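If you want the building blocks of each chain, they are given just below.
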Amino acid sequence: MSDIQVDLAGRAEAALGGQGTVGDYFALLKPRVMSLVIFTALVGIVAAPGSIHPWIGAMALLAIAIGAGASGALNMWYDADIDALMRRTALRPVPRGAILPGEALGFGLTLAVGSILLLGVVVNWTAAALLAFTIAFYVLIYTMWLKRWTPHNIVIGGAAGAFPPMIGWASVTGSVDLGSIALFLIIFMWTPPHFWALALWRNVNADYTRAGVPMLPVVAGEGETRKQILIYSLLLIPVSLVPAMVGAGGWLYAVAATALTVIFLYCAWRVYRLREGPAAEAALKTLFKFSIAWLFLIYAALLAEHLLGLPAFAPVFG
Amino acid sequence: MNPPMVNTPFGPEDMARRRKRAIALALVLAGLVVLFFVTTVVRLGSDIAARSF
Numbered sequence: 124m125s126d127i128q129v130d131l132a133g134r135a136e137a138a139l140g141g142q143g144t145v146g147d148y149f150a151l152l153k154p155r156v157m158s159l160v161i162f163t164a165l166v167g168i169v170a171a172p173g174s175i176h177p178w179i180g181a182m183a184l185l186a187i188a189i190g191a192g193a194s195g196a197l198n199m200w201y202d203a204d205i206d207a208l209m210r211r212t213a214l215r216p217v218p219r220g221a222i223l224p225g226e227a228l229g230f231g232l233t234l235a236v237g238s239i240l241l242l243g244v245v246v247n248w249t250a251a252a253l254l255a256f257t258i259a260f261y262v263l264i265y266t267m268w269l270k271r272w273t274p275h276n277i278v279i280g281g282a283a284g285a286f287p288p289m290i291g292w293a294s295v296t297g298s299v300d301l302g303s304i305a306l307f308l309i310i311f312m313w314t315p316p317h318f319w320a321l322a323l324w325r326n327v328n329a330d331y332t333r334a335g336v337p338m339l340p341v342v343a344g345e346g347e348t349r350k351q352i353l354i355y356s357l358l359l360i361p362v363s364l365v366p367a368m369v370g371a372g373g374w375l376y377a378v379a380a381t382a383l384t385v386i387f388l389y390c391a392w393r394v395y396r397l398r399e400g401p402a403a404e405a406a407l408k409t410l411f412k413f414s415i416a417w418l419f420l421i422y423a424a425l426l427a428e429h430l431l432g433l434p435a436f437a438p439v440f441g
Numbered sequence: 219m220n221p222p223m224v225n226t227p228f229g230p231e232d233m234a235r236r237r238k239r240a241i242a243l244a245l246v247l248a249g250l251v252v253l254f255f256v257t258t259v260v261r262l263g264s265d266i267a268a269r270s271f
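Line order of the protein sequences matches chains A and B.
Count along the first sequence from 1, add 123, and you get the number used in our numbering.
Count along the second sequence from 1, add 218, and you get the number used in our numbering.
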């Protein structure tokens, strides 16, 4: 009898499957994150020494973008339980019931394997290995482990978002070099202040508490989070100049990076000083929005420098 | 001639969603065919031009 009940339940679930729209599946790819991945990977391809056939470069970008989408789908498959508890994520396709968890898992795994094979066969296997590591890191290390375990989740997990320019670079050179590590470090160090500014501004503590996710503002409090934002913003000053020290950036990049990071630091200082009222909220909003512009502009400066053929500094290291 | 669909758990809206998804999948597959063909030409093109026969 119980077997029949189980079977019927399985049939009922199967009957409910296959209801997602094309838009729902597109949402599984986290398109906004994907656009950032494509841009930073493009800068990695352009900034890398050497050359790549434009079509092969475009295929590398496509594979990296699909790999990022796969990571998003697998993240939404695993996190459906906590996504359902948070306002920001409750309307995602899996918690909303538009796509079954198994469908999201199958979709994500198919895209992951496809993107890695595409990058390996068409471009090179070093880049493919990095893409495989990035997807595994985001899904296994960040999503399944760190996110629900430590308030430093976003610090270490942010590495997953920092790999795309390194993969783009490896698509050209077939190797991991100091220049690509410099591009990695910029996003790695940028992620915590960017995300914590959003968490404080949107006041999502209640959401994370309900979902049992130990984000820093929940565990350590707003004061400590503001201090950490300031510390990471200070670290961005030397980190943003590393590309110029390892021969990947020149005058244009160095001047743009310095100016942008000084403004970033000023925004972070205001967040640290202003703790209450509309001014504090405005400071958080300004820092969050400027952090997006900062990453775009600093990478755009590097892109422009290489497209214009401007010389890079002689490497201090490497 | 196909028999009319009866006893299906899917209504007209569900079937329309499925149809759109099937069309999207077909377009993706067709796109992949073009991508792989052009990639093959790009990767092998110079070697084919340089062959000895």
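Simulated from the structure, these hints should not be mistaken for lab results.
A quick note: this is a predicted structure, and the numbers were derived from the prediction, not measured.
In this text, a Cβ means the ideal position worked out from N, Cα and C, and glycines have one as well.
Wrong hints could be hidden among the right ones.
[As the list claims (entries may be wrong)] Partial pick of chain B residues on the chain A-facing surface, computed with a CB cut under 10 Å:
id, residue
1, F228
2, P230
3, K238
4, V251
5, L253
6, F254
7, T257
8, D265
9, R269
[Claimed, not checked] Pairwise CB distance ranges, derived in the manner of DEER restraints:
id, chain 1, residue 1, chain 2, residue 2, range
10, B, L247, A, R219, 46 to 56 Å
11, A, I354, B, G263, 44 to 54 Å
12, A, H275, B, D232, 53 to 63 Å
13, B, A268, A, L388, 51 to 61 Å
14, A, W248, B, G229, 27 to 37 Å
15, B, L250, A, E347, 47 to 57 Å
Right, here's what the structure says about each hint:
1. F228: holds, 8 Å
2. P230: violated, 13 Å
3. K238: At about 6 Å, which falls below the 10 Å cut-off, the nearest Cβ of chain A leaves the hint on B/K238 intact, so it holds.
4. V251: Check failed: Cβ of B/V251 comes no nearer than 14 Å to chain A, outside 10 Å.
5. L253: holds, 7 Å
6. F254: Holds, because the Cβ-Cβ distance from B/F254 to chain A comes to roughly 9 Å (cut-off 10 Å).
7. T257: Cβ of B/T257 sits 5 Å from chain A, so the hint holds.
8. D265: violated, 13 Å
9. R269: violated, 19 Å
10. B/L247 with A/R219: 46 to 56 Å: violated, 27 Å
11. A/I354 with B/G263: 44 to 54 Å: The hinted range 44 to 54 Å holds for A/I354 and B/G263, with Cβ atoms some 52 Å apart.
12. A/H275 with B/D232: 53 to 63 Å: Hint violated: Cβ distance 44 Å, outside 53 to 63 Å.
13. B/A268 with A/L388: 51 to 61 Å: holds, 55 Å
14. A/W248 with B/G229: 27 to 37 Å: Once the Cβ atoms are compared, 48 Å apart, the range 27 to 37 Å for B/G229 and A/W248 is violated.
15. B/L250 with A/E347: 47 to 57 Å: 49 Å Cβ-Cβ, so the 47 to 57 Å window holds.
The structure fails hints 2, 4, 8, 9, 10, 12, 14 (numbered hints given earlier, in ascending order).
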